[in-house]
Amino acid sequence: MTALTHVLPYLVAVWVFLAGCYGLATSRDLIHAVGCLSVCQAATYVLLLAVGYRDGGTAPVFSDVTPGSRPVVDPVVQALALTDVVVGATVTALLLALVVQVAKRHGTVDPDELSELRG
Amino acid sequence: MRLWLVAVGGAGLAALLVAACLRLPGFGGDRHPYGDRAVEAALSRHTANTVSSVTFDQRAFDTLGEMSILFAAVLGSVVLLRQTRDEHRARPEPAAVSRPVRRYALLVLPVALLTGLYVIAHGQVSPGGGFQGGVVAATALHLLYLGADYRALERLRPLAPYEAADALAASSYLVTGLAALLAGSAFLANTLLPYGTFNTLASAGTVPLLNAAIGMEVACAVVVLLAGFLDQAVEIVDEGEHDEHAEHDGGGKTGGNAADGGDHDDSGKRGK
Amino acid sequence: MHHLLPLLVAVPLLGAALLAATGRHLPRTVADGAACAVSAGSAALALLLLAHSSPPLTEWAGGWEPVAGHSVGILLTGDGPGLGMAALVCVLTLAALAYSRRSLDEPPHGHAGAFPALVLVFQAGMCGFAIAGDLFNAFVWFELMSVVAYALTGHRVEEARAVQGALAFAVVNSLGAYALLMGIALLYARTGELALARIGDALDAHGPPDALVLAGFVLVLTGLLVKAAAVPFQFWLPDAHAVAPTPVCMLLSGVMVELGVFGVWRVYDTVFSGPGGLPAADAERVLTVLGAATAVTGAVMCWHQRHIKRLLAYSTIAHTGLFLIGLGTLTPEGDDGVALYVVGHAGVKAALFACAGILLDRYGSVDEHVLHGRARPLRGVAVMVVAGALGLAGLPPFGTALGKSFAEEAAGGPFTVLYVLTSAVTAAAVLRVAARVFLGLGPTPREAGGEGAEDAYETTGSGEEPESGRRMARVPDTMTAVPALLLAGALAAGAVPGFGTAVARAVSGATTAGLVHTSVHWTPLGVGLGLLSSLLAVALAAVAVARPGRLAVPGRALPLRRLQSGHIGDYVAWLLVGTTVLGVLALPAVLSG
Chain A
1056 MTALTHVLPY
1066 LVAVWVFLAG
1076 CYGLATSRDL
1086 IHAVGCLSVC
1096 QAATYVLLLA
1106 VGYRDGGTAP
1116 VFSDVTPGSR
1126 PVVDPVVQAL
1136 ALTDVVVGAT
1146 VTALLLALVV
1156 QVAKRHGTVD
1166 PDELSELRG
Chain B
12 MRLWLVAVGG
22 AGLAALLVAA
32 CLRLPGFGGD
42 RHPYGDRAVE
52 AALSRHTANT
62 VSSVTFDQRA
72 FDTLGEMSIL
82 FAAVLGSVVL
92 LRQTRDEHRA
102 RPEPAAVSRP
112 VRRYALLVLP
122 VALLTGLYVI
132 AHGQVSPGGG
142 FQGGVVAATA
152 LHLLYLGADY
162 RALERLRPLA
172 PYEAADALAA
182 SSYLVTGLAA
192 LLAGSAFLAN
202 TLLPYGTFNT
212 LASAGTVPLL
222 NAAIGMEVAC
232 AVVVLLAGFL
242 DQAVEIVDEG
252 EHDEHAEHDG
262 GGKTGGNAAD
272 GGDHDDSGKR
282 GK
Chain C
199 MHHLLPLLVA
209 VPLLGAALLA
219 ATGRHLPRTV
229 ADGAACAVSA
239 GSAALALLLL
249 AHSSPPLTEW
259 AGGWEPVAGH
269 SVGILLTGDG
279 PGLGMAALVC
289 VLTLAALAYS
299 RRSLDEPPHG
309 HAGAFPALVL
319 VFQAGMCGFA
329 IAGDLFNAFV
339 WFELMSVVAY
349 ALTGHRVEEA
359 RAVQGALAFA
369 VVNSLGAYAL
379 LMGIALLYAR
389 TGELALARIG
399 DALDAHGPPD
409 ALVLAGFVLV
419 LTGLLVKAAA
429 VPFQFWLPDA
439 HAVAPTPVCM
449 LLSGVMVELG
459 VFGVWRVYDT
469 VFSGPGGLPA
479 ADAERVLTVL
489 GAATAVTGAV
499 MCWHQRHIKR
509 LLAYSTIAHT
519 GLFLIGLGTL
529 TPEGDDGVAL
539 YVVGHAGVKA
549 ALFACAGILL
559 DRYGSVDEHV
569 LHGRARPLRG
579 VAVMVVAGAL
589 GLAGLPPFGT
599 ALGKSFAEEA
609 AGGPFTVLYV
619 LTSAVTAAAV
629 LRVAARVFLG
639 LGPTPREAGG
649 EGAEDAYETT
659 GSGEEPESGR
669 RMARVPDTMT
679 AVPALLLAGA
689 LAAGAVPGFG
699 TAVARAVSGA
709 TTAGLVHTSV
719 HWTPLGVGLG
729 LLSSLLAVAL
739 AAVAVARPGR
749 LAVPGRALPL
759 RRLQSGHIGD
769 YVAWLLVGTT
779 VLGVLALPAV
789 LSG
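Residue numbers (the numbering used here), protein chains in the order written: chain A, 1056 to 1174; chain B, 12 to 283; chain C, 199 to 791.
Keep in mind that the hints were calculated from the coordinates and are not lab data.
Keep in mind that the hints are not guaranteed to be accurate.
One-sided excerpt, in silico: chain A residues whose CB lies under 7 Å from chain C [what the hints assert, rightly or not]:
1. Leu1079
2. Gly1090
3. Ser1093
4. Val1094
5. Gln1096
6. Val1101
7. Leu1103
8. Leu1104
9. Val1106
10. Tyr1108
11. Leu1135
12. Val1157
13. Ser1170
Here are the simulated EDC-like cross-link-like pairs (lysine to aspartate or glutamate), alpha carbons at most 20 Å apart as the crow flies [said to hold, decoys possible]:
14. A:Lys1159 with B:Asp97
15. A:Lys1159 with C:Glu357
16. A:Lys1159 with B:Asp41
17. A:Lys1159 with B:Asp47
18. A:Lys1159 with A:Asp1110
19. A:Lys1159 with A:Glu1171
20. A:Lys1159 with C:Glu356
21. A:Lys1159 with C:Glu656
22. A:Lys1159 with B:Asp242
What follows is a set of in silico ranges between Cβ atoms, one per label pair, in the way DEER data are often shown [claimed, not checked]:
23. C:Ala238 with B:Val122: 22 to 32 Å
24. B:Leu193 with C:Pro253: 23 to 33 Å
25. C:Leu245 with B:Leu212: 23 to 33 Å
26. A:His1087 with B:His99: 39 to 49 Å
27. B:Asp41 with A:Leu1063: 55 to 65 Å
28. B:Ala22 with C:Leu758: 16 to 26 Å
29. A:Trp1070 with C:His223: 45 to 55 Å
30. C:His223 with B:Ser55: 41 to 51 Å
The structure displayed is predicted, hence computed values, not measured ones.
All C-beta atoms, glycine included, are put in the ideal place defined by N, C-alpha and C.
With the hints as extra help, turn the sequences into a complete structure.
Written as structure tokens, this is what we have:
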């Protein structure tokens, strides 16, 4: 394996995170912005799972694998990623609920047109 | 100016993260001390699915927080998406559904529901568990919306019991944890039940109990969350909008219905 | 005793779950009463545990005691600072619930349990964060308190500003939380551990810090500093605090923001203070530079507000800056001072928000100019606002004054001046409000119309609706009793002999530096500086009221005010810049190693 494949998955996570941040900063639509936030979060999934990978490893489930017969990937990061997914889903739901109300009260979902709170 | 800030900040962050990545242990490396300990601990408690053991036994306290986040999101979105004083409910119109869609939905609904329950029940043995199965079960109910219409879904899904069940499921997770404390060991300790036979349904001690509580919590939470958004899309209109609707209906019955049908399709897609 | 630690989280959560399950059928009185009982119970538990926290309590959740030094469970740390913060959270929650009883509008039918249940979950999240000894577990509770805070901030969905402020709050804080999680993943990759102390040990074993440690430090700190509203991560805070219901503001400003500061202290002290972490000089630079920028920005912006809740929000930012400077000294005296300062500030700030809420409910406005002279009948509230302002200034014997005097002595040099000026300016702004609103002093400010560029960057407080649904004819007793008790508490924190020393002992028992007992008592210098900043505050306020034109030169702070644009994209861009600044400030650690 070359040096590149040893860091590539991590670099993918970095790329995804930065792409999400760029989208969030330049977004012209709040629903798009909520999507961008999910992209940032997807970077954390990629990074967590990449960190836990082990060469040749299989899922850490022993219903059809005899313990010790094969290497398994790190189960802890999988549990962390599961928590992360739930957190992401709930945050997205709440954000979308707020966007629904913003659309109703302001009549727009363009952040450029929201100018109530300044200074 | 914002683009300049993004460029400066993004470049700095990118440089920092790339430099960090180059110092990370190589992808696929063999050093996972916590992971190795977790596998051992899972096996010692007869849990075939190590991820479930981490989620519901070793780090069950994390899962308590995770469940509370979901619970809070449900409470929060019920509050945020409530019907405000200047809004009222419009009765959803029955919508025509093409026959193949209806047949498919009604056929798949019980299968999907059963799959969800299966995934919840086998969390300690095979990949899956309360979170995954709960989502499958909750979305299964919404096939009714695709196959029939919103009113059929509302009949099957009176919200009050689902909200109550969501809260009760959260309490039962807590009570299971407290029971361990009262029994003389620590909060959320997996000491109440025998660990059973490896790789069977009755294994892993309290993991299946917590799993079931989470499954119920997630299923109810997803139902209530989706209901909040569907209500906004289908039922709740504010006064001005309603008047327009009425005029529309007065103008031509068919026109109004077609618009409604469009609404339904739209939110149906979102629900999926 | 240590087995009881998880109950700090479990009790409020169980209360919230049961309230949510039965809330549909409960009358409001019962729901509110039950919530108060639950939070009072957990406050008692927190105080009981706090009394037993020396030596620090540790609990492995799920009974996973370490075998040969290693565990697969989650560590809960019940030391002085953690339990102290938890106790503060519980007490303030109780105050907020008692206050909300009369201050909030009748909930919609069938939702009687929703608000108190959310507040209880908020309490659970903050307590969980305060006692977390595991980095990922801290993230989970951090998210829980964030998620509830978003929902509570947007609680008044009928108001356009409320939903906008809540959305900005949610987006910026969520992004910060994901940065924190990226940092956790990086640290896990290096160390393979999640418990804070274990991560620290593993970093030390690995050798001197490198780019990975730096990135982990920067990302974790980004998440925590967003919560602590340090410059340049602070933009969400005024937007959220100006629009949240008053009882929620009391919690947000009084203790949630401070938990961000607490998190910085905890993480630096346990993870990064060893040889494998960040050298002290670099941590000092990061914290004091950001702290100073935060204090200055907060104070300047605070002075230029006319929306009273927004003004208080900026004063919270200013004081957070002072907390960060105090921690940045990395000395036991600095830590002790900040701990006391946080306690005193929580009481004072929550009381001031409660008073602002009374104005809103009574007169339907929180605008300094509109309310000019209108609140003359509310004498008791006027006294409390003035007392609160003097508490902010650090007038002895308030707890803020004792804490501030220790922190500023520890910081020393130019920072002492910054401490005096910042507290004086924030207090002067509140005194100015009090003089105009309650006494009707000074010329009546002209109604601000559309007068060019400066007004576009001003948020007035006149478009607000009373939270009680309609204007109150008279102020209910609970709404005045709560701020009075909070102020009394803040006063007692400084006046009761031995309290300061007890706090200091609790703090020093927890640091990895070991047991350094400092005795905290009033010093002549501290008293003098406290009196100085109080006098300065009174003088500034007097000039501002008598000669409005002299101090409020409109254009001077405009560049700073333009930055607060209300635009989510700008806030995110600043967050990215902030991570870069953090990285640059801490960079010498890596270059030299």
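(message) Going through the numbered hints above, which ones does this structure break? Give me the numbers in ascending order.
(response) Hints 2, 3, 4, 6, 8, 10, 16, 17, 18, 21, 23, 25, 26, 27 contradicted; others consistent.
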